[in-house]
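Quick mapping for you: the protein sequence lines, in order, are chains A and B.
According to UniProt numbering, the first sequence is numbered sequentially starting from 1.
According to UniProt numbering, the second sequence is numbered sequentially starting from 1.
FYI, nobody ran anything at the bench for these hints, they're computed from the structure.
Not one of these hints is a red herring.
If you anchor each label on the Cβ, the simulated ranges turn out as follows:
| # | chain 1 | residue 1 | chain 2 | residue 2 | range |
| --- | --- | --- | --- | --- | --- |
| 1 | A | Q128 | B | Q114 | 36 to 42 angstroms |
| 2 | A | D101 | B | L119 | 38 to 44 angstroms |
| 3 | B | G192 | A | T71 | 53 to 59 angstroms |
| 4 | B | S32 | A | D63 | 33 to 39 angstroms |
| 5 | A | V60 | B | N89 | 26 to 32 angstroms |
| 6 | B | N89 | A | D9 | 49 to 55 angstroms |
| 7 | B | P88 | A | V60 | 33 to 39 angstroms |
| 8 | A | V137 | B | S215 | 35 to 41 angstroms |
| 9 | A | T71 | B | N2 | 39 to 45 angstroms |
Glycine is no exception: its CB is placed at the ideal position from the N, C-alpha and C atoms.
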Amino acid sequence: MTTEQNIDDILIPILEKVSDPEIPVLSIMDMGVVRKAVIENKMVKVQITPTYSGCPAMDVIGDDIKAALKTAGYDSEIELILAPAWTTDWITPRGRKALEDYGIAAPLDAEADKSVLLEGKKMVKCPQCGSTNTRLVSQFGSTACKAQFQCDDCQEPFDYFKCLK
Amino acid sequence: MNNNLYKYILGIADNSLILGQRLGELTGHGPSLETDIACTNISLDLFGQVRSYFQYAAKIAGDQRTEDDIAMLRKEREYVNVLLVEQPNRNFAYTMARQFLFDVYHLLFLQELQKSKDLTLVAIANKSIKEVSYHLRFSTDWIKRLGDGTEESKAKMQDAIDGLWTYTDELFHQTEADKVMVQEGIGVDVTGLKEAYYEKVNAVLEEATLEIPESKWFQKGGKQGIHTEHLGYLLAELQYMQSAYPNMEW
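Bound conformation, chain B alone (with noise of 0.2 angstroms):
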């Protein structure tokens, strides 16, 4: 079993899982009807390729594990995604400025790792790509829509891009699984995409009239599997039927 590319793909994985099912909270009880629908979309796309890399990955690993043990049977120091797609849905502003923040990072990230010299991640890369435009597309006009809305829209967007903030210097941390990868030509060197990052990110709160946050400190732990205290509640959640009934199949 080639470890690294399973921690990699793992920690490529996390991200998507966690935010799916951060979305599918949402599921019913969106503040509209195309928004619920579209934050429903937007998860089943993002479980639609946390399958494919499980798939891949259980591959990898050779043994009894499937993509469903992968997703539902690991304790919550074993996830590794990044702290900012655990954070909860505090309101409407702070799903859409989370959905932003890691949209422009996940666009970036795929249109390097379609470069990739593993070809599986190749395919998928390519396949997610045309999703992620979109997801992006529905973030970025949210956040002009309610930054550059009401008095009050804009006051909350702005409690959310700020409160969201520190959480995303840690996209760009590497583990060691990562720096194994990127060597091989596997991996995308995500210290390279700092910079084009909040280039995007800035212009777009920019357009929205929301002030750039100044903090320079930030969180990080989820890549280690260091979580904030939501994760575990999340988990709960994710992996109740398999507790409930262990070992139960579809």
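For reference, chain A alone in the conformation it holds in the complex (with noise of 0.2 angstroms):
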């Protein structure tokens, strides 16, 4: 088992204009879901891993993937697997710009990520205003992978994007 990804490099431009459907900014490849994808055959073989169990977003994300393949010239097969499970680790530095720009904070480390549910010491920064003087509001957000904050300088509510190692 392991946790590199292995992607053919002439499929990395064509997976990368492929989006999460639920936070169009963010390509699925700085999401991290896309851990195999090799040409075999004149067949893409693709595995996707989903960042939670029951993600919806996965089967659109596979159909997308198979579209953008085929426009491309490829046939493809696409497999989901579980092991290893997703992180938040996985999301690129530009996936995590992306996240901000958009308004979502992106994921802190585990240890911050727990006191900040655990505690609600202010630690998650305000992607509106940039200020930390937030809380928590709900552990569970619009999708599974996010929780729901609010600024209380700006006071914009937000999405944080939790972190799971």
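Can you join these two chains into the complex? Each is in its own frame, and there are hints to help.
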């Protein structure tokens, strides 16, 4: 079992154009859900892994990858794998920036996350005004991977991408 | 077909399926927007986990059975979930008490399942455990908030804990299939989780200023398919589409 990605260079630009249907600014590559994409006998074998078990976006992501590869002239097989389990560490720096720009606070490290959720320490930075004077509204947000926060300075409510390790 | 492994997987997955369905009933009916969303998010996690288990079970069955058939097409006596998870959403305290009493068990169980010799079960456990840690934080928070809250919230939470306590012991019962799977190094010996479970539960109840129930009499039967009257109604709703339109597909 490896945590390494195995993706043919030639496929990277194609896959980078496929985005998460629930967070359209985020490419599935920056999200880290594509674990393998290799050309074998003119067929692209793709492995994707869900962020959360029940993530309803996975079917759409699979279909979108198939369509994008088809447009580029490749037939493909998509396989959903569970191991190794996805972690927020796999979101690239570019992905984190895209999240922030979109108004979603990017995941902190696990320890900070734990204290935020357990003791309500103000550690999550507001993506609107940059203040750290924010508070947890609910551990569960608009999708399984997010929690709801509010900024006590600019008053904007915002989503925080939960840390999964 | 490895019948014991198949039965073993159903024993795990049915708990999540039935609890997920119960939580799903709160869609649009939660006491506040945030709790409504939280309950349905937890439900979604559980259904996601159930799909992984049932897909594996369908593969083991090796016939035409699909994950949907296993979820939707069994009769009441063929569901082997514990009685705890089928108990209705009487009020929010009940819903959270049921969740907490299951979450504590669920996390302990998955920690052990990570050591299984069966790599598919290990993968599902590794994935699920991250989600279940969040569920437990959420339900623990509500036990404390309602228990150590107002006079009314405390009374309701105490009533919920007292009412559901009788269903907790069954979590640690073993079926014949369970025993075989434990022997083969695949299954979790749930009898070994009991002490840690009550230790954890009691610590939270104490912090929440709630009384630990003294009842020593416990209900059982779910793991043998003998359910409380509530399961039939739940299944009627769960299976409605399949009985109205037999063999329908998405």
